[in-house]
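First to last, the protein sequences are chains A and B. First residue of the first sequence? That's 542 in the working numbering, and the numbers climb one at a time after it. First residue of the second sequence? That's 542 in the working numbering, and the numbers climb one at a time after it.
In case anyone wonders, no lab produced these hints; they're calculated from the structure. It is possible that part of the hints are untrue.
Any copy will do: because identical chains look the same in the list, a pair fits if it lies in one copy or spans two.
Result set (BS3-like, lysine-lysine): computed pairs, CA atoms no more than 27 Å apart in a straight line [to be verified]:
id, residue 1, residue 2
1, Lys-687, Lys-790
2, Lys-719, Lys-546
3, Lys-569, Lys-790
4, Lys-738, Lys-687
5, Lys-798, Lys-738
6, Lys-799, Lys-687
7, Lys-738, Lys-719
8, Lys-611, Lys-569
9, Lys-798, Lys-836
10, Lys-719, Lys-836
11, Lys-790, Lys-839
12, Lys-839, Lys-738
13, Lys-798, Lys-687
14, Lys-799, Lys-738
15, Lys-790, Lys-577
Number of protein chains: 2
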Amino acid sequence: MDQVKGSQSIVFSSAPYIISTASVAGSKEAEGPLGKLFDMTNQDDLFGAQTWEEAESNMQKEACVLALGKAHIRAEEVRYLFGGDLLRQGIATSMGVEALQIPMFGLYGACSTSGEALALSSMSVAAGYGEYMLAVTSSHFGSAEKEFRFPLGYASQRPLSAHWTVTGSGAFVVGTRKTHVRVSGVTVGRIVDYGLKDSQNMGACMAPAAMDTIVRNFRDLGRCEDDYDRIVTGDLGYVGQSILLDLVKGQGYDIRKKHMDCGMTIFDQETQDTHAGGSGCGCAAVTLASFILPKIEKGEWKRVLFVPTGALMSTVSFNEGASIPGIAHGIVLEHC
Amino acid sequence: MDQVKGSQSIVFSSAPYIISTASVAGSKEAEGPLGKLFDMTNQDDLFGAQTWEEAESNMQKEACVLALGKAHIRAEEVRYLFGGDLLRQGIATSMGVEALQIPMFGLYGACSTSGEALALSSMSVAAGYGEYMLAVTSSHFGSAEKEFRFPLGYASQRPLSAHWTVTGSGAFVVGTRKTHVRVSGVTVGRIVDYGLKDSQNMGACMAPAAMDTIVRNFRDLGRCEDDYDRIVTGDLGYVGQSILLDLVKGQGYDIRKKHMDCGMTIFDQETQDTHAGGSGCGCAAVTLASFILPKIEKGEWKRVLFVPTGALMSTVSFNEGASIPGIAHGIVLEHC
Numbered sequence: 542m543d544q545v546k547g548s549q550s551i552v553f554s555s556a557p558y559i560i561s562t563a564s565v566a567g568s569k570e571a572e573g574p575l576g577k578l579f580d581m582t583n584q585d586d587l588f589g590a591q592t593w594e595e596a597e598s599n600m601q602k603e604a605c606v607l608a609l610g611k612a613h614i615r616a617e618e619v620r621y622l623f624g625g626d627l628l629r630q631g632i633a634t635s636m637g638v639e640a641l642q643i644p645m646f647g648l649y650g651a652c653s654t655s656g657e658a659l660a661l662s663s664m665s666v667a668a669g670y671g672e673y674m675l676a677v678t679s680s681h682f683g684s685a686e687k688e689f690r691f692p693l694g695y696a697s698q699r700p701l702s703a704h705w706t707v708t709g710s711g712a713f714v715v716g717t718r719k720t721h722v723r724v725s726g727v728t729v730g731r732i733v734d735y736g737l738k739d740s741q742n743m744g745a746c747m748a749p750a751a752m753d754t755i756v757r758n759f760r761d762l763g764r765c766e767d768d769y770d771r772i773v774t775g776d777l778g779y780v781g782q783s784i785l786l787d788l789v790k791g792q793g794y795d796i797r798k799k800h801m802d803c804g805m806t807i808f809d810q811e812t813q814d815t816h817a818g819g820s821g822c823g824c825a826a827v828t829l830a831s832f833i834l835p836k837i838e839k840g841e842w843k844r845v846l847f848v849p850t851g852a853l854m855s856t857v858s859f860n861e862g863a864s865i866p867g868i869a870h871g872i873v874l875e876h877c
Numbered sequence: 542m543d544q545v546k547g548s549q550s551i552v553f554s555s556a557p558y559i560i561s562t563a564s565v566a567g568s569k570e571a572e573g574p575l576g577k578l579f580d581m582t583n584q585d586d587l588f589g590a591q592t593w594e595e596a597e598s599n600m601q602k603e604a605c606v607l608a609l610g611k612a613h614i615r616a617e618e619v620r621y622l623f624g625g626d627l628l629r630q631g632i633a634t635s636m637g638v639e640a641l642q643i644p645m646f647g648l649y650g651a652c653s654t655s656g657e658a659l660a661l662s663s664m665s666v667a668a669g670y671g672e673y674m675l676a677v678t679s680s681h682f683g684s685a686e687k688e689f690r691f692p693l694g695y696a697s698q699r700p701l702s703a704h705w706t707v708t709g710s711g712a713f714v715v716g717t718r719k720t721h722v723r724v725s726g727v728t729v730g731r732i733v734d735y736g737l738k739d740s741q742n743m744g745a746c747m748a749p750a751a752m753d754t755i756v757r758n759f760r761d762l763g764r765c766e767d768d769y770d771r772i773v774t775g776d777l778g779y780v781g782q783s784i785l786l787d788l789v790k791g792q793g794y795d796i797r798k799k800h801m802d803c804g805m806t807i808f809d810q811e812t813q814d815t816h817a818g819g820s821g822c823g824c825a826a827v828t829l830a831s832f833i834l835p836k837i838e839k840g841e842w843k844r845v846l847f848v849p850t851g852a853l854m855s856t857v858s859f860n861e862g863a864s865i866p867g868i869a870h871g872i873v874l875e876h877c
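Please model the entire structure based on the sequences and the hints provided.
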């Protein structure tokens, strides 16, 4: 068990590789700073479907097929698929990956699911359970508004602390075949609850969990902010980032110069006003696939701690007055 | 990779043990055939809570605490927790296991989730990622009716093919410490869709997936029905069972004498009329914990194939006319 480090982390003795990635995104994302980097975008956000849910499933399917194509493998060669989304009963994933017929594990970790899927894929490859695993997550602005908020036709006004759910899906083939990016370790997150109850301020709900996982990664691995070129959170946004930086400072680390948030990267705050920034299972996934991994591949960044963040709630728990705890999973990505 | 068998299975070279189990169940379950076998039951089904959702969370927490107590370990000694339930955004699990503060992976596999959690726990232990893992799932009649069907006050009549969601939670400590039950292998399920759309006939929706996983297990491992003392499905019920037996026969196997279904075992059909039988994430979990594993422990059954079955749907996918595919995960349990 020499791979097990500290209380929550694993450092792989045979670190798996990220063999290929794919990003599929919507029209607003296409107009943003990363627009030209996505593999596929769509102008009406329906991706050929009749409903937002089916559109999200189609995005997942396209992302998987693209990632498989880039890895030059067939779906039958993938041992297991790890996937999830934000919708009730993970229906975007079930309907999205069905056609691939890969044995699958359905996941739910709110917007941290891309980290959960990459962690389990990497753990399975490193354990020798297969040559290729596929990790996929998605979110869709239309289906998420329907699931969590108000009918779009109401044109409800949102507070400045609210996020804009990213329409996008990212897929990752993880395996044993050598590339220039390895998953060298993972830090599995705990549920962290500071008692916040405002579903229109997810950044504040998730920041404590991000802090917990980042600091745990440092302590489990005997590292600090200097050991990473970037520490990337999923979708804390502008409100969550300032809370995170303060909380991490309270633990004796200063990640100010190393921190990047996918929710603040995917949209342009000046021209695309999304209030607190982007969010959703797809936000961290497409930013990782299109923007972060290519930099690691080229060696521009040598080591990155990728920490997608999730807010654990449902409309039922919210209506019943429950708090909104957060969770975040840490993935250590290294150039090699 | 000598552990990888066929296209979907793993046979562990160091098979993990089931160290302890716990079952918590509701009042109707307490009156059923397994009533005296559960570790804890409750008469008002609220488990000290104000809402059905919180009641379900409390069941999960109690099941985890009981299982940890029986294993004589503290929560801090558990490396990772794998858990899930049927509610939107898996909220029963998030709120239920929060207090334990174990790093966790949230899962969704509908009523197959106990198989998914046991598979990933076993894979993680066998890979050397920790000494102890905790697998937990739950369902609650009240929260499930609210999530998927009609307000109980309507007193809607249900068709004979409908199931009765089990109020219960089962928890399992999986680890390296020797006991008399091992998880010797797993067969991870694929999504199987025969195009059925009737959410009041889940047995029919899930039977093809159960067949697929059982037959795949036979073929991957070079086995047949004679190699198992029991082949146990999760919640196919009376309708699903007859379909399963026919489908499996069509593949050249006769499991008639070996088949048992948790949904048909947990309630008494004569006195507790539950139509097609029990269902839910908790159904297979509490039946495994209270009835099946003790028999394997004593050596009464030497080898059992446990195959919890899930129907992948949500109220949204149902309303949008989508079909209801199934998934089933196979867990091979052996006396040692």
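- Item | Earlier hints that do not hold, by number | Per hint list: 1, 3, 5, 6, 7, 11, 12, 13, 14 and 15 violated.
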